[in-house]
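A.B. asks: Residues per chain are reported as follows:
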Amino acid sequence: MDKLTVLWQSTALAHFQGGQLIMMAVGLLLLYLAIVKKFEPLLLLPIGFGAILTNIPLAGFSEAGGILYYIYKVGIDTGVFPLLIFMGVGAMTDFGALIANPKMLLLGAAAQFGIFATLFGAILLNLVPGFEFTLTDASAIAIIGGADGPTAIFLASRLAPELLGAIAVAAYSYMALVPIIQPPIMKALTNEDERKIEMAQLRVVSRREKIIFPLAVLLLTILFLPAATPLVGMFCLGNLMKECGVVDRLSHTAQNELINIVTIFLGLAVGSKLSADQFLSVKTLGILALGAVAFSIGTAAGVIMAKIMSRFSQQPINPLVGAAGVSAVPMAARVVNKVGLEANPHNFLLMHAMGPNVAGVLGSAVAAGILLALVG
Amino acid sequence: MDKLTVLWQSTALAHFQGGQLIMMAVGLLLLYLAIVKKFEPLLLLPIGFGAILTNIPLAGFSEAGGILYYIYKVGIDTGVFPLLIFMGVGAMTDFGALIANPKMLLLGAAAQFGIFATLFGAILLNLVPGFEFTLTDASAIAIIGGADGPTAIFLASRLAPELLGAIAVAAYSYMALVPIIQPPIMKALTNEDERKIEMAQLRVVSRREKIIFPLAVLLLTILFLPAATPLVGMFCLGNLMKECGVVDRLSHTAQNELINIVTIFLGLAVGSKLSADQFLSVKTLGILALGAVAFSIGTAAGVIMAKIMSRFSQQPINPLVGAAGVSAVPMAARVVNKVGLEANPHNFLLMHAMGPNVAGVLGSAVAAGILLALVG
Amino acid sequence: MDKLTVLWQSTALAHFQGGQLIMMAVGLLLLYLAIVKKFEPLLLLPIGFGAILTNIPLAGFSEAGGILYYIYKVGIDTGVFPLLIFMGVGAMTDFGALIANPKMLLLGAAAQFGIFATLFGAILLNLVPGFEFTLTDASAIAIIGGADGPTAIFLASRLAPELLGAIAVAAYSYMALVPIIQPPIMKALTNEDERKIEMAQLRVVSRREKIIFPLAVLLLTILFLPAATPLVGMFCLGNLMKECGVVDRLSHTAQNELINIVTIFLGLAVGSKLSADQFLSVKTLGILALGAVAFSIGTAAGVIMAKIMSRFSQQPINPLVGAAGVSAVPMAARVVNKVGLEANPHNFLLMHAMGPNVAGVLGSAVAAGILLALVG
Amino acid sequence: MDSSVHQLLVEAGTLLLVGMSFVFVFLTILIAAVHGITLFCKRFPEPATPHPSSAVPVVSQQNDAGQPSPQVVAAITAAIHQYRQTK
Amino acid sequence: MDSSVHQLLVEAGTLLLVGMSFVFVFLTILIAAVHGITLFCKRFPEPATPHPSSAVPVVSQQNDAGQPSPQVVAAITAAIHQYRQTK
Amino acid sequence: MDSSVHQLLVEAGTLLLVGMSFVFVFLTILIAAVHGITLFCKRFPEPATPHPSSAVPVVSQQNDAGQPSPQVVAAITAAIHQYRQTK
Ligand code: NA
Ligand code: NA
Ligand code: NA
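Chains as they are written, first to last, in UniProt numbering: chain A, 1 to 376; chain B, 1 to 376; chain C, 1 to 376; chain D, 1 to 87; chain E, 1 to 87; chain F, 1 to 87.
So here's chain A without its partners, still in its complex pose (with noise of 0.2 angstroms):
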């Protein structure tokens, strides 16, 4: 009977906290927006898979001898993970259609609005009683404006780890609702007849140009902001490798292998920080909430941007593609494609739009960069 009795008590029946219930039901939404809805699934299955494991009572699969806690020391403490993520993400890159047209960047540029606008307002949510936000904390939150995954759980995991787990699952799940989010705000801010305007045919660019960009990049980052190097060097050095044609065999496993491996630990570490005091918080409905706003707000700034370069160039630009400044590559530019065949049928908008999604990507490891320097 007394073995009986050890083994009711080592039942998590006996132990279940409600806090756990809630964070395992978590994971299971997580689950069910990846698998059924198709969220971002390379990333929501692992960390909603992680979020159950994190909240078994008993298990310990996050505390010291866990296998959640040995990923989350390896790979996000160090800050590994993400970087490695971003090297992978730099080789799948294609920086031709940014080459091509470089005036694009501006639009990756004023997409940024939407990470420093949120800074505002994580602030102002310090009016409402139960939020304590600090600018460390309101910056950690402000990047998930950035529409960049490994960027939000690099700058996350350096100025507010505790708030990890909330600041990625928003991150994720805003990038796989860009196409309800962006459209309404694209329309809103474009009239017909804009959203008809057809681009120009790009130029095609040279191999060449394509290997000296990531350097001209690191330089320039170099230069500028030594903060934000440790994420442009690993996205440049994968980009490079993509680029340079001969180092194949490296460029094919940082695209594959070694980006997979990667993904399903980090995804399994950032599910271990969806523990029932972390995530359970008041604060975790601000940065859903902040989340939200900090898209909406980038979206609406790359489009204003894009109307009034529009303005001011010879060549016609159609505002429509300011909204892929945002990053959440490829999709926002997929987004961009097809509310331009909506106005018109014949307006192939998905290569303008590359130009400035990538330029997302480099503005918001800028901006993160930022912030560590400033913030950090």
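Mixed in with the good hints, there may be bad ones.
What the hints assert, rightly or not - 20 angstroms max Cα-Cα, derived PhoX-like pairs, lysine-lysine:
hint : chain 1 : residue 1 : chain 2 : residue 2
1    : C       : Lys307    : C       : Lys196
2    : A       : Lys73     : C       : Lys73
3    : B       : Lys187    : B       : Lys73
4    : D       : Lys42     : B       : Lys338
5    : C       : Lys103    : C       : Lys307
6    : C       : Lys73     : B       : Lys73
7    : E       : Lys42     : A       : Lys38
In short, the hints are calculated from the structure, not lab data.
For this one, chain A is given, so just place chains B, C, D, E and F with the ligands on it according to the hints.
C.D. replies: Chains B, C, D, E and F with the ligands alone, transformed into the frame defined by chain A:
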């Protein structure tokens, strides 16, 4: 001449101990079994090689600073490697046959009798002079009866690290010997007519059932046996990645590159535990004997359970499929198929045996959880 | 304004030191050599990139907490990365040509004269003001003559970590320069008639010979030189996995994903040692000079040994194949083939040069073991 | 018989009983759960063509450039087959 | 309004101004840099056929076993081409 | 000449002698070993068809269902890559 003396002193010839020579012979034997006899070569080849390396005098492979030392510390001491292997095995496992005929789970339960009976046997062995197995040792040894490599290594690393080498070698060796161990037992416990029984074709299982199944297994494990959630959780994660259809690149990596990399390291680390002082003990002989007993009892229990179920079931059940309940996926199922074909050339039992076969994996993970909860 | 000051202080412009600028130029030079001149790009590209990253002021890539710091600690400090690369190289090496004509091992032995003679040269360099090489330093430098990257990195990480960067850069640069360094020496030491010698076709080697070979090499190393077993052991493990035919998935992973991942990290970690204070020293110039000497002496010793053997051998031996004894697989063998074809358009020496070429890998691993045993 | 062995035997016996009972109970509940899943999936069957269209398109930070469509792969595989046979 | 919040708002406002300015300046310099790269690459164009011949051959310690033969690749490429055109 | 350099030179010279001797002895023994292996393999030749059938079947926890040969996959990947780039 001085240099020559130093050089002589730094050859192994001047330092070999008898035990190290014997252990190198054991390592060579394992390589022979792996390469020539094709005994579970994916594990036994690196284990055998690791055994040779760890016993080289002066080389210090398993001392602080040696490569096997690091691999063991990082992968086995933490429990991470067997869990990653288990995730990969989960991503390779198809539960379709089991979902179509869930009664087969009882066969996977019955075969675990091999584990718990061996526990008894290990304690009884203490009556023989020279054996001193604690209950913890006995539990680690008994899990060999689970016929599941990663489960055995995980449990042994938690309960009896100094027996890990012998336990892993016994587990993989007997898994390779399943085609020799099982048929006589299966034939002794069944008659010709029973072996001729053909089973009804299995229904097709929907994708959605396959997606929900691992989540249900995880949920039950969480509720009733949190101690088993590391093993079951990682297994279910792998299986969910496989079945959900939205993270194919992660599932592919878990089944291939990741499991291959971890298998090389796991094998070497297990081999590093085959040092003379730990392996050359009468305990090892006891472990090998108990392992054979465990496999045999498990097989018999599965067959007997199948005979009982056959009596009460409306649909015909061939008692041979009970033998597959020990797991040893997919070999035990193939053995069932072969023995069935001998009795009736039109009797294809492979798919019917896959149900109890994968049930046996779950069964031994549950048994491992019980032992961890009650003894660990 | 305060923020602006902070931002200015956080640009690199305010903090660059001259040495860092020079080292970044060195990094760019390595990238140029890798990408444009195709000098061993798989290693020199990540090394060059790592050199740039590690010299960024304020970014702290190689300080505690930086990504290059972690990679170096985990992979080079422990010796694990070069050993894993060596395992992968073993899994890519075909010893068939050597087994068919084992005399070629003597050429692989002779070429190691480049290593030991350079040892002498490094000590002699102490007579030049500014040089202060200990015997340990000299040994780490001399291994450049082995023409084998992982061996050089492994030995340097054990004997002289502060010289690692320069040694690795020298080793890979001269390996890339083999087609320029070797032909003049080969032509100076042979006459037209000798270069025209055609060699008898090699017999076919059975699979079993290829399986036993790595085990025999390991056994001899265990008996006579345990200090070399980390290198030789991992190399033989890779080769055994390749040849045994029963673990193809492990062998494939060792040759592809695993070696690619480790190569990226190894390159970055080596690059992280190219910091101004360690690299910008007269020692580096000495190392570069000694490396060239080592390659040249090794090549000459190989050719001379081949000439001696040619005199005593019944079967014709083209002395050019001796040059392949320095390893630099497979480039040195290709150079031999090219020089042979220049003298005699029907003289295909490639397969004959592969024997000494892979013998050279074993030879320098043995030489590294001797240096470790006697100096380390 | 050694008294400590005797005590261990009792413990092992208890473990045997408790363990086997638990395994059977657990897997029996799982049988019920599988029946439940099957019923659930029969009552709420998957939509006939779940793949082609959905409100939210398949999304991924990681682009999938270079991944050929299954049809292309099938075509290529057939082509290779043909090529190999005619070689 | 809470004085500490007020102070934080001022700081956030400064960050907003400084940050956006910096981002714009940085990416504007990058635009100039890209124009520079393009000019450079136009002035020093790549040699027409860089691949086939070069003084120093492509070198690699790691062999390239498992790489399909050029003929196979050519055959498959032709097959794909045909497939696409007949689609 | 500096006395410490002198001493180091003596040590280096000893290393040169001892090291080269050892390398030669070691690789000479390996030559003998290879001859031994070859003799052994000639005396006990491999069975003519070792692959198709054997008493104990090839066993593996990890299944290999559905995996096309690596070469074919490599060939297809390369072909697709080329096709995509020339598109
Ligand atoms: Na962005
Ligand atoms: Na089992
Ligand atoms: Na060499």
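A.B. asks: Hint numbers the structure violates, sorted upward?
C.D. replies: 3, 4 and 7
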